[in-house]
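Chain residues, written in single-letter form:
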Amino acid sequence: MSREQFEGTIIRILRVVGLLVFIALVAFPFYWMIVSSFKSLGEILMSPGNLGVDIRKIGFRAYYEVLFQHGFLRYICNSVYVSLITVVLSVTLATVGGYAVTRLRFRGREFMSYSILLIYMFPAIVLVVPLYVMFSRVGLRDSINLLIVVYLAQTLPVALYMLRGYFQMLPVEIEHAGLIDGCTRLDVIWRIIIPLSAPALASVALYTFMIAWNEFLFAFMFLDTPEKFTLSRGVVQLAGSVHLSKQLVMAASVMVTIPIVALFLLFERYLVRGLTTGAMRG
Amino acid sequence: MTRRVLTLSDQEARLAFWMLFPTFAVVLALVIFPVIWNLWLSLKPVSLGDLRGVSLFKFNLTLENFQKVFGDPDFGAVVLTTVIYTVAGSVLSILLGLMAALLVHGEFPGRALLRGLFISPYIAPVVAVAFTWSFILDPQLGVVNWVAVNKGLLTQPIPFLSQRWWDLDLLGVKVRVPMALSSVILFEAWRYFPFAFLFILARLQAMPDELYQAASVDGASPFQRFTHITLPQLSPVLSTLFLFRFIWTFNKFDDIFLLTRGQAGTKVLTIKVYDYAFGEFNIGASSAVAMILFGVLSVFVLIHFRWIGKGASPYE
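Which chain is which? The protein sequence lines are A and B, in order.
Numbered according to this note's numbering, the first sequence spans residues 1 to 282.
Numbered according to this note's numbering, the second sequence spans residues 1 to 316.
Just so you know, the hints here were simulated from the structure itself, not pulled from any lab data.
Heads up, a few of these hints could be off.
[What the hints assert, rightly or not] Covered, in the sense of this in silico footprint (three residues per stretch, anywhere, with C-beta under 8 angstroms from a C-beta of chain B), are these stretches of chain A: (1) 35-45; (2) 153-167; (3) 209-222.
[What the hints assert, rightly or not] Simulated restraints on C-beta separations: (4) VAL87(B) x LEU265(A): 32 to 42 angstroms; (5) SER136(A) x GLN233(B): 50 to 60 angstroms; (6) LEU265(A) x GLY76(B): 40 to 50 angstroms; (7) SER115(A) x ASP169(B): 50 to 60 angstroms; (8) ALA202(B) x SER115(A): 39 to 49 angstroms; (9) GLU43(A) x GLY76(B): 40 to 50 angstroms; (10) PRO199(A) x PRO208(B): 20 to 30 angstroms; (11) GLY59(A) x SER235(B): 45 to 55 angstroms; (12) GLN69(A) x ARG261(B): 21 to 31 angstroms; (13) PRO236(B) x GLY59(A): 51 to 61 angstroms; (14) GLN69(A) x GLN233(B): 21 to 31 angstroms; (15) ALA24(A) x VAL87(B): 19 to 29 angstroms.
Quick reminder that beta carbons are idealized off the backbone N, C-alpha and C, glycines included.
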C-alpha cells in the first residue's frame, strides 16, 4: 500500500469517526432539551439517565404549564413584537442610511463608513450599566419599546455595513436613468434598490431578528414587570423559580429555540451570509 | 441677509444627513453617550441608591473607584481567570471550528444538513443552551453524572459547574483541575466553534484545486498537502479569527452568568461589572471595571485595524 493510499484510508476513518463525534456533541443537547420537555416531573426525578423516549409517555403537560401558568403565552407575543419591530425599523433605516453612505457625496462619508465598523465592536456589558443608570433615572427603563431602541442601536451598524457592501456592487447606471426620468432619491431606493437587493435585505432581516430574539442581557437588566418579559427573560425567571421541574425549563427552552432554528433552516443561505458579514457581534 | 441658494452638492449632503440622521441619533444616544457617561460614572463615588439624587451631576471627580477595583483582594485572581477563559475559550473554539470545517469540506450526501446542524449552537438562544447544559451536567438530575455513576465510571457525581477544583490522580501524579472554569470554557468552545467553522469553511472552498493537484503530481501525501498547503493558506484567517474570538470572549458576560453566576472560580471581569453594580450597589466601581474592559478592547481593535488591516478580515 502506497503512502498516498495509506494516509487516504486513515483520513477516511478519521473523518467518519470525527463526524460522528461532532454530530453527537452538537445534537445531543438539542435532543435532550426536546426529550426532557416531554417528560413528567416523576420521570425527571426517578430516571435522569433514561436516554430514550418512551412514546407512550410523551406528554405536553410541561408546555401547558409553561404557556398558561407561567405566562409564556404573553412572553411569546412580547418576543414576536420586539423582534419584528426591530427588524422592520432596522432594515428600513439601514437601507436608507446604507444608500446615503454608498451613493451620496457629503463631507465625512469616509469617516462614517469606518466608524460604523468600530461601533459594532462595543460590547453590551460596557453599555448596560450606564444605560441602566440613565434610564432608571428618567424612569423609562422598564419598557419594551425602549428595548426595541436598544436593539436598534445594536443591530443598525451591522445592518448598515452589510447593506453598504451590497449596494456598492449594484450598477449605478440604472439609478441615473431613474433620476433623469424625474425620480427622487427615495423613489430610486423604493423602485430600484430594494427590488434588486432582496437577498441582502433578507440576510439583514434574519440577522437582526436573530439578535433581537436571542438577546438576554438588556432584557434581563431592563425589564422588571413580568407582563413585559421577552422569552429569554422569561426562561431565566422560570429557571430561577422552579428547582426540580427541569421539564418546564426545557419546554420553555424548546419554545425559544424552535422559531429561530426553524427560520435558520428555511433560509440558511441568507443567514449564513448575514452571519459571515455581521457575526462579529457575539 | 439673503437666503443662499443651495447648490446641488449642498442638497445632496443635506439629503444624506437626513437619511443617516435616525441611525446616527440612535447610535449616539445608546452607544457613544453611554460610554462617555460610563467614564463619568467611573470617576465618581456613585452607589445604586444615588441614582435619583442630584449628586450624579456634581463635579466631584475622584480615582477612588479605580483604587477600589485594583485594590480588591480578588482582582488578581479575576484577571487571571479572565485571561485563561479568554485564551482557552478562543483557541478551543477555533480548533473545533477547524476540525469541523475539515470534516465537512468536500462533496458528500447530507453535507448541507450537517453544515446547518453544526451552526445551530451559535444560532440557538444563549438562555436555552446554557440551561440545557446546566441540566445535562447537574450532579443530581443530570444525565452525564447519572450514567457515569451507574456504569461505575464515577464513584460519586461531579458538580461540573459548582465545584472549584477537581483533584485528579493521573498514574500517581496529582493534578488539580479548575472544574467549573473548565466546564465554562468547554461550553464556550461548543457554542462558538460554528463562528470559526463558517469562516474556515468559506476559505477552504475558495482554495484553488490546482494547488492540490500540483502537489499530488509532485508526490505530496494527503497529510503533507494539509500541512504544506492547507494550513499556510488558512493562517491569515486563523489569526484574524483568534483576534476576534479573543475580543468577544474577553467581553462575554451572558454565558458565564447563566451557567455559574461567576461562582466556583469562574469570576471574570464582565461578571465583576455586574457584581459591583448589583451585588455591592457600587455603580462607580462597576463603571471603572467597564472602563478597563473598554480600554483593553480598544487596544485590540486598534491592533486589528493597524496591524492586520482590512486585507485579512473574516467578513470577506
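Now the hints, each set against the structure:
1. Coverage of the segment 35-45 of chain A by chain B holds in this model, with 3 residues showing a Cβ closer than 8 angstroms to a Cβ of that chain against a need of three.
2. Only residues whose C-beta sits within less than 8 angstroms of a C-beta in chain B count toward coverage, and the segment 153-167 of chain A has 4 of them, enough to reach three; the restraint holds.
3. Three residues within the 8 angstroms Cβ limit are the bar, and the segment 209-222 of chain A against chain B gives 5, so the coverage statement holds.
4. About 34 angstroms separates the C-beta atoms of VAL87(B) and LEU265(A), a value consistent with the hinted range of 32 to 42 angstroms.
5. With their beta carbons about 51 angstroms apart, SER136(A) and GLN233(B) fall inside the hinted range of 50 to 60 angstroms.
6. For LEU265(A) paired with GLY76(B), a C-beta distance near 46 angstroms keeps the hint of 40 to 50 angstroms intact.
7. A C-beta distance of roughly 55 angstroms is found between SER115(A) and ASP169(B), which places it inside the suggested range of 50 to 60 angstroms.
8. In this structure, ALA202(B) and SER115(A) break the distance hint of 39 to 49 angstroms, their C-beta atoms being roughly 26 angstroms apart.
9. In this structure, GLU43(A) and GLY76(B) meet the distance hint of 40 to 50 angstroms, their C-beta atoms being roughly 46 angstroms apart.
10. Between PRO199(A) and PRO208(B), the C-beta spacing of about 26 angstroms keeps the proposed range 20 to 30 angstroms intact.
11. Evaluation of the 45 to 55 angstroms hint for GLY59(A) and SER235(B) yields a pass: the beta carbon distance comes to about 52 angstroms.
12. Distance hint check: the CB atoms of GLN69(A) and ARG261(B) are about 26 angstroms apart, consistent with the given range 21 to 31 angstroms.
13. For the hinted restraint 51 to 61 angstroms between PRO236(B) and GLY59(A), the CB-CB distance of approximately 53 angstroms keeps it satisfied.
14. Against the hinted window of 21 to 31 angstroms, the Cβ-Cβ separation of GLN69(A) and GLN233(B) comes to about 56 angstroms, which falls outside the hint.
15. About 27 angstroms separates the C-beta atoms of ALA24(A) and VAL87(B), a value consistent with the hinted range of 19 to 29 angstroms.
Checked against the numbered hints above, the structure breaks hints 8, 14 and satisfies the rest.
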